[in-house]
Amino acid sequence: MRLRRPNSLTFRLLLTAALGILLASAIGLLLLSIVFRAYVEKGFDARLTLFLDALTAEVWIDPSGAVRLQDPLPEPRFNQPYSGWYWQVTPTFGQGLKSRSLWDQVLTPKPGFTGDTDHRYYTQGPEHERLRVVERDITLPGSSLAYRISVAASSAEIDSDIRSFNSFVRWSTIALAAGLIFSIFIQVRFGLGPLRHLQRALANVRSGRARRLEGEYPREVEPLVHELNALLDHNEKVVDRARTHVGNLAHALKTPLSVLKNEIGKEGKANGLDTQLDAMQKHIDYYLRQARVAARGGVVGVRTEVSPVVDDMLRTLAKMHRDKVVDAQTRGAADLVFRGERQDLDEMLGNLMENAFKWAEGRVRITLSRQGANAVIDVEDDGPGIPPGARATVFGRGNRADEAKPGAGLGLAIASDIAGMCGGNISLGDSELGGLKARLTLPAAL
Amino acid sequence: MRILVVEDDEALANQIVETLRGEGYAVDHAADGEDAQFLGETEPYDAIVLDLGLPVVDGLTVLERWRNADIKTPVLILTARDRWSEKVAGFDAGADDYVAKPFQMEELLARLRALIRRAAGFASAELSCGPLTLDTRSARVTVDGAPIKLTGHEYKLLSYLMHHQDEVISRTDLTEHIYDQDFDRDSNTIEVFVGRLRKKLGVDVIKTVRGLGYKMEPPGEAEAS
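Read top to bottom, the protein sequences are chains A and B. Heads up, the first sequence is in my numbering, so the first residue is 398 and it goes up one at a time. Heads up, the second sequence is in my numbering, so the first residue is -7 and it goes up one at a time.
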């Protein structure tokens, strides 16, 4: 869920939300500014119209036909040159009249008859300032001419209001948009939380800490979790079935093999048939084990407690070797958990411990310990041990079934093969008890 | 010695039964779990060879039922399933030994002999009573080192008595343990066999306990009347 990656849900959700917010903010900003300008202009125009009305009332035509004012307008700025406030009376023909503030300049009326509505527009005035103009056409008694009366004022007054309003609105909108985008970011993080939780749960399944997806999920994610769990269950079932089939086939072959073996035993071993039977048996054993390895790939999330397996083996071995008095001790971490299948641990420990019981004079010791990410199981006996030079050969390595040699080392070889498949190994050393110390190192589950 | 063989595969069952008979055992055969359970509960066997994959009722269940019914006959499990988890389950159900298929007949015989000996409380493969020695491995009987030649029935009878020294064995016990269930039993023949045995051995080790049966005892410790 990193923001940098364009192909993330967070990025997509944030991008669309941000684009929408920015667009809406821009439109809002524009509309507000247009409405405010219209409002301010309306007020300004009303002031100008007051002067226009006053001017209309004061204008008269003297007998010579010249335009006159009865009284000056009550606004001193009309008399200061270039003050920004101007008026002008323009007849369609001949000499008009204008405010003193216009000095040597004239206003150019907008062409076209005003009719009932006044003209309201912006224009360029003296000193290149922007002027707001309100004008109207009237007729005056004593003249047949039409007179255009104009009142103009610099728009600087309203422009600064509009500018400060726009600036205020712009910053408010930016703050609002930023706030919205931030809250959407928080919402997305919070909303996608269950997905991160799901990812962690899946990681737990893969690492063997859980067999299925655990925990509560929102209604939208729940079906996905349900399907994933169903998939995990199905996977487990398929693996189990494949294993059972291979097992059944292999075991079904063993009974006829027994019969053949015994028949041939009676005839004698001269014709070499017994070696063929032995080869058959080795192939069966080999592929039985291989099938288990192939099946293992799909199995996830299994954990096996070590202590109960050790207890089972001790109980069974005591019965198998009841002619022998063996003092078997277990010590160390009783809560050790192996990340793998019970059957595999059964085979590894069974073979190692049987070896120890077989060779022991009277003592066997099992030590469980956790070393980092590993579960370490030491199986020691007080028997004759194996000299260092011969240790490598007892594993009888070789992946082909017909290379495996039967004998004292076979159990160790099988245990070592399985340990390798489980991601562990077996090493041999000297025991304090005087015999062999076989160390089984396996991945531990947390 | 009387043995029950429980195996559903006909060919293998025949082989085992023939071999055991050849070794001087009285052998009964059951082909399914139900028969096996009934025979085991009603006949006094000295050992049982039990296959686990059986029709009707599986072997492990039969074994558990025997043990629940307090039948202590030593049981040797014979199975193609040789995983450790299955061995643990077998021993936990009350098995005394375990042989994985495919097996050599010699191995089965050796395990069976050891099983019977252990049940009778002997540690060695050679049983002895005074000057008399019986080697269970080779079925050889010697008196003071000199071999004695015995017929099948005589050996069976002596072997059962030797396995149960210090016990008084009735004629019924003997007939039940040296004949299989199909044999036409007649306890009078036992007296004939015992008479012949005493003559062949030449030493007085088989004592008659009047009204009860026979008992093995080294010569000179005469306390029976």
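It cannot be assumed that every hint is accurate.
For each label pair, taking beta carbons as the anchor points, the in silico distance ranges come out as [said to hold, decoys possible]:
1) B:SER162 to A:THR672: 31 to 39 Å
2) B:ASP50 to A:TYR684: 42 to 50 Å
3) B:GLY14 to A:GLU829: 46 to 54 Å
4) A:GLU829 to B:PRO211: 50 to 58 Å
5) A:MET818 to B:GLY14: 40 to 48 Å
6) A:ARG638 to B:VAL48: 23 to 31 Å
In silico BS3-like links for lysine-lysine, alpha-carbon gap of 27 Å or less [as the list claims (entries may be wrong)]:
7) B:LYS207 to B:LYS191
8) A:LYS721 to B:LYS191
9) B:LYS141 to B:LYS207
10) B:LYS64 to A:LYS716
11) A:LYS755 to A:LYS721
12) A:LYS634 to A:LYS716
Keep in mind that the hints were calculated from the coordinates and are not lab data. Here the structure is a predicted model, which is why all the values come from computation and not from measurement. Ideal Cβ placement from N, Cα and C applies to all residues, glycine included.
Against the structure, the hints:
1. B:SER162 to A:THR672: 31 to 39 Å: violated, 51 Å
2. B:ASP50 to A:TYR684: 42 to 50 Å: violated, 25 Å
3. B:GLY14 to A:GLU829: 46 to 54 Å: holds, 50 Å
4. A:GLU829 to B:PRO211: 50 to 58 Å: Holds, at about 53 Å.
5. A:MET818 to B:GLY14: 40 to 48 Å: Since MET818 (chain A) and GLY14 (chain B) have Cβ atoms about 44 Å apart, the given range 40 to 48 Å holds.
6. A:ARG638 to B:VAL48: 23 to 31 Å: With Cβ atoms ~25 Å apart, the hint holds.
7. B:LYS207 to B:LYS191: Within the cut-off at roughly 16 Å; holds.
8. A:LYS721 to B:LYS191: Not satisfied, since the Cα-Cα distance of roughly 39 Å exceeds 27 Å.
9. B:LYS141 to B:LYS207: holds, 22 Å
10. B:LYS64 to A:LYS716: holds, 15 Å
11. A:LYS755 to A:LYS721: Holds, at about 9 Å.
12. A:LYS634 to A:LYS716: Measuring from Cα to Cα gives roughly 34 Å; hence the hint is violated.
Checked against the numbered hints given earlier, the structure breaks hints 1, 2, 8 and 12 and satisfies all the rest.
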